[in-house]
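Going down the list, the protein sequences come from chains W and C.
The numbering of the first sequence is my numbering, which starts it at 127 and goes up by one.
The numbering of the second sequence is my numbering, which starts it at 127 and goes up by one.
Incorrect hints may appear among the rest.
Pairs involving identical chains hold if they fit within one copy or between any two copies, as the list cannot separate such chains.
Capping the alpha-carbon separation at 30 angstroms, the derived lysine-lysine pairs in DSSO-like fashion look like this [unchecked claim]: (1) 381 <-> 407; (2) 357 <-> 171; (3) 443 <-> 194; (4) 357 <-> 128; (5) 155 <-> 411; (6) 443 <-> 380; (7) 411 <-> 171; (8) 355 <-> 329; (9) 128 <-> 329.
Just so you know, these hints were derived from the structure itself, not from any lab.
Number of protein chains: 2
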Amino acid sequence: MKKIINDPQDVVAEMVDGMVRAYPQLVKKIPETFAMIRSDQASMKDKVGIVSGGGSGHEPTHAGFVGKGMLSAAVAGQVFTSPTPDQIYAAIKAVNTGKGVFLVIKNYSGDVMNFDMAKDMAEMDDIPVKSIVVDDDIAVENSLYTQGKRGVAGTVLMHKVLGAAADQGASLDDLEQLAQQVLPHINTIAVALSAATVPEVGKPGFELAEDEIEYGVGIHSEPGYRREKIKPSKELVAELVAKLDNSLQLSKDKKYAILVNGMGATPLMEQYIFTHDVLNKLAEKSIEPTFVKVGNYMTSLDMAGISLTIFELADEKWLDYLNYPVETIAW
Amino acid sequence: MKKIINDPQDVVAEMVDGMVRAYPQLVKKIPETFAMIRSDQASMKDKVGIVSGGGSGHEPTHAGFVGKGMLSAAVAGQVFTSPTPDQIYAAIKAVNTGKGVFLVIKNYSGDVMNFDMAKDMAEMDDIPVKSIVVDDDIAVENSLYTQGKRGVAGTVLMHKVLGAAADQGASLDDLEQLAQQVLPHINTIAVALSAATVPEVGKPGFELAEDEIEYGVGIHSEPGYRREKIKPSKELVAELVAKLDNSLQLSKDKKYAILVNGMGATPLMEQYIFTHDVLNKLAEKSIEPTFVKVGNYMTSLDMAGISLTIFELADEKWLDYLNYPVETIAW
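Throw the hints in and build the complete structure from the sequences for me.
What follows is the structure in structure tokens.
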């Protein structure tokens, strides 16, 4: 393992400190936690807070999306490990303006359990809390750490939509309804060229041969659905788009947003080539997405790979939400 | 070589098309070239155009910085290869509003030569052109492809400063003076954990042992000044900051901006840990930077590594320029 770190046990603490000290104008840490809230939280009056979080190792998710127009707080767990309920609860408490708090949870058993416990703690303190569990990864049903489908890169689009709506004054009930409406329209699938190495483990989560890739891998090195020799980008794209087509029933009469997401070690050059192939493949169906975003948003440490998210914009307001201006480190 | 590409010969063409099709609201391609200009170029009236460019493989540099408040155009060459003079000239011509064009050139022999030729072509057409050659890398004097010092990540800060000044109405002469004043105050140094693999070459530019790093490497796998076993981040930082201190004479009575730049395959987690160590090391000298930015800005394909740029803000206007709002893909 060759990493720019100090003691593997300190990676999250040092990362969180690095982040809040680099961007004090945007994020601050709740003392004694790895929870980060907006530096301008005081200006949030009368708005519903939005809290997300999860294991570390997916940067810039989640703290990179804390700021005006997006998340109110992000809670970081240890690497690939859910944050603890008390820290999630500390974040809920810190961002509640009296209008309640909405939680965005990626579908991993540990996250679902700990966010639920935090919700119970908040409710005992009379803070109204609602939540959505994002399960956008269509690759497999059930997985190493998940019942049902996994929550992956599409979560960032959920953050964006809900953050914009909350900033425009949506109530807790509005946000719950919006999240439930949006959820089935966000679908993601990934391909991996190599696995992530968790610092405390010191070796990759799985091994692929020099010329091999794996389809449908998760963001914690969970298995996908097939391994085979690497193919040209346009052939990878054909398979991934076919899967998404199967699940979303792509149609030229609908509008779509696209998120091409690098997993951490995949250069932007490759991400743009892949994007080019995605746009060509969709053009064959006479689909031209109305919103495209390309970059490292939901990573898996040093994993090489890429994911494709297609978000069917079933309501035209959703596009406005995607385009709504934000002040964050990473959107 | 395992990459998400099609034919290695097509990587730049497909990347450029992917980029302009993903972000048509920000960048458009000059037909038959790999030059990208602002989609709102028509709104640039009375302002000096700023053109940069260079070999591909450093994404999001340069096209990721085209947009309001930053670059007017970016010209992409083949991977790690200078763009041709005719394409640079096409960009100059496209962004000239009558007020002239300023070129930002990284110090590589090929770039310097081709940008100079383009400048000559423009002058024959009576387009006033001035330029700066950025040579911020303090690691070594002269290098594989460079006379003098290399131009690396600090170039992005030069783009930012000049772009802000141009947007506020600076003349061509103003920009030349500003660039010359700023240049010696931007210093960079890097460390590599692995080398980049150029698609058409198919193997890494150099080999490092599993536990080895190289100090002072360039962004095209040019040699640095020492190889040794990897150390904890804080020890790497101590060496890099000492080198920058030696060159910039760091002082608690001055103001600084910091750019921590990932080389392509280094996770943000490591970049933030490194940032944390940089801020601690500077704090030992009672220095707290007034501007910090962390992420992948000047990459070297899939190289693992990191660079540290320190920019002494000798004029308080320079901080305003760094904070000036922009509309780009990647700043």
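Status of each hint after checking the structure:
With identical chains, the CA atoms of residue 381 and residue 407 are at most 30 angstroms apart within one copy only, with a shortest distance of 15 angstroms there and 50 angstroms across copies. With identical chains, the CA atoms of residue 357 and residue 171 are never at most 30 angstroms apart, being 52 angstroms at best within one copy and 47 angstroms at best between copies. Taking the shortest alpha-carbon separations for residue 443 and residue 194, both the intra-copy value of 19 angstroms and the inter-copy value of 26 angstroms come in at or below 30 angstroms. When the C-alpha separation of residue 357 and residue 128 is checked against a cutoff of 30 angstroms, the pair qualifies both within a copy, at 28 angstroms, and between copies, at 9 angstroms.
Proximity of residue 155 and residue 411 under a CA criterion of 30 angstroms is satisfied inter-copy only: 24 angstroms between copies versus 47 angstroms inside one chain copy. Taking CA atoms no more than 30 angstroms apart as the test, residue 443 paired with residue 380 passes inside one copy only; the shortest distance there is 14 angstroms, against 48 angstroms between copies. In this assembly of identical chains, residue 411 and residue 171 lie within 30 angstroms of each other by CA distance neither inside one copy nor across copies; the values are 46 angstroms within and 39 angstroms between. For the homomeric pair residue 355 and residue 329, the shortest alpha-carbon distances inside one copy (22 angstroms) and between copies (18 angstroms) are both at most 30 angstroms.
Taking the closest pair of Cα atoms, residue 128 and residue 329 come within 30 angstroms of each other both inside a single copy (10 angstroms) and across two copies (19 angstroms).
Consistency with the previously given hints fails for numbers 2, 7, ordered from lowest to highest.
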